[in-house]
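Colleague: Sequence:
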Amino acid sequence: MREEAQKMSSVLPTMWLGAQNGCVYVHSSVAQWRKCLHSIKLKDSVLGIVHVKGRVLVSLADGTLAIFHRGVDGQWDLTNYHLLDLGRPHHSVRCMTVVHDKVWCGYRNKIYVVQPKAMKIEKSFDAHPRKESQVRQLAGEGDGIWVSIRLDSTLRLFHSHTHQHLQDVDIEPYVSKMLGTGKLGFSFVRITALTVSCNRLWVGTGNGVIISIPLTDSKGK
1 MREEAQKMSS
11 VLPTMWLGAQ
21 NGCVYVHSSV
31 AQWRKCLHSI
41 KLKDSVLGIV
51 HVKGRVLVSL
61 ADGTLAIFHR
71 GVDGQWDLTN
81 YHLLDLGRPH
91 HSVRCMTVVH
101 DKVWCGYRNK
111 IYVVQPKAMK
121 IEKSFDAHPR
131 KESQVRQLAG
141 EGDGIWVSIR
151 LDSTLRLFHS
161 HTHQHLQDVD
171 IEPYVSKMLG
181 TGKLGFSFVR
191 ITALTVSCNR
201 LWVGTGNGVI
211 ISIPLTDSKG
221 K
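In this note's numbering, the protein residues as written are 1 to 221.
Just so you know, the hints here were simulated from the structure itself, not pulled from any lab data.
Every residue gets a Cβ at the ideal spot worked out from N, C-alpha and C, and that includes glycine.
Just so you know, not all the hints are guaranteed correct.
Cut-off 27 Å, straight-line C-alpha distance, at most; resulting in silico cross-link-like pairs (DSS-like, lysine-lysine) [said to hold, decoys possible]:
1) 41 to 117
2) 123 to 43
3) 43 to 53
4) 102 to 123
5) 110 to 43
6) 102 to 120
7) 123 to 110
8) 43 to 120
9) 41 to 53
10) 35 to 53
11) 120 to 53
12) 110 to 53
13) 117 to 53
14) 102 to 43
15) 131 to 102
16) 131 to 120
17) 41 to 102
18) 43 to 117
19) 53 to 123
20) 120 to 41
21) 53 to 102
22) 131 to 110
23) 117 to 102
24) 110 to 120
What follows is a set of in silico ranges between Cβ atoms, one per label pair, in the way DEER data are often shown [said to hold, decoys possible]:
25) 31 to 73: 11 to 21 Å
26) 178 to 73: 47 to 57 Å
27) 20 to 167: 34 to 44 Å
28) 178 to 117: 40 to 50 Å
With the sequences and hints as input, model every part of the structure.
Modeller: Here it is as structure tokens:
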């Protein structure tokens with residue numbers, strides 16, 4: 001009985017789910033997955049969830065991050081969480097990714113580097129010079145972090161430590177080559193998905209084309 005109770009505790013591995021109505025649900029990932037262990041309703045829609053170094057960061061549509069930690073009993077404490085405001089005017093925090101022991105957040109045209117343990121913004125920098133631009137996807141491995149911008153076919157590469165802008169890659173020529181300029185017509189090439197796997201950058205587009213770009217041995221630089 002004690003072993004079963006422990007299995008239903010959030011001390012063990014868990015799965016976090018976020019909903020459009022702002023609810024966060026924590027389920028066990030080892031037993032009785034249907035049963036919710038913890039839940040809380042936050043003040044706006046949940047757009048992303050990441051885990052790093054004993055912290056769970058939840059990005060919201062109102063421009064804030066909710067940061068959760070475990071209690072003294074080892075279970076996740078959903079009542080005593082910290083809210084971090086990324087600044088005004090408020091926009092949705094569209095994407096997050098873990099970069100070493102920090103979290104990069106895409107917010108408007110900027111990247112905010114958050115230190116989860118200290119629960120504070122360490123640095124922010126422009127991902128795109130146009131203020132009306134919006135960061136949509138983040139993906140990386142090692143020292144290179146790739147950033148996509150809304151309604152832009154160009155990927156931008158940044159150094160994970162120095163935050164220096166290293167390179168631009170326009171994927172529009174690759175999509176045109178696959179579909180043909182006639183089929184592409186006046187439709188705009190939009191980047192809709194981005195991930196790094198097996199030392200390759202995988203790019204999904206609104207045209208239905210998936211592009212796989214090999215990364216160098218210098219971990220994405």
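Colleague: Hints first: check each against the structure and report whether it holds.
Modeller: Hint check:
| no. | hint | verdict |
| --- | --- | --- |
| 1 | 41 to 117 | holds, 23 Å |
| 2 | 123 to 43 | holds, 25 Å |
| 3 | 43 to 53 | holds, 25 Å |
| 4 | 102 to 123 | holds, 11 Å |
| 5 | 110 to 43 | holds, 23 Å |
| 6 | 102 to 120 | holds, 10 Å |
| 7 | 123 to 110 | holds, 10 Å |
| 8 | 43 to 120 | holds, 20 Å |
| 9 | 41 to 53 | holds, 24 Å |
| 10 | 35 to 53 | holds, 26 Å |
| 11 | 120 to 53 | holds, 15 Å |
| 12 | 110 to 53 | holds, 24 Å |
| 13 | 117 to 53 | holds, 8 Å |
| 14 | 102 to 43 | holds, 24 Å |
| 15 | 131 to 102 | holds, 24 Å |
| 16 | 131 to 120 | holds, 23 Å |
| 17 | 41 to 102 | holds, 25 Å |
| 18 | 43 to 117 | holds, 23 Å |
| 19 | 53 to 123 | holds, 19 Å |
| 20 | 120 to 41 | holds, 22 Å |
| 21 | 53 to 102 | holds, 9 Å |
| 22 | 131 to 110 | holds, 9 Å |
| 23 | 117 to 102 | holds, 9 Å |
| 24 | 110 to 120 | holds, 16 Å |
| 25 | 31 to 73: 11 to 21 Å | holds, 18 Å |
| 26 | 178 to 73: 47 to 57 Å | holds, 54 Å |
| 27 | 20 to 167: 34 to 44 Å | holds, 36 Å |
| 28 | 178 to 117: 40 to 50 Å | holds, 44 Å |
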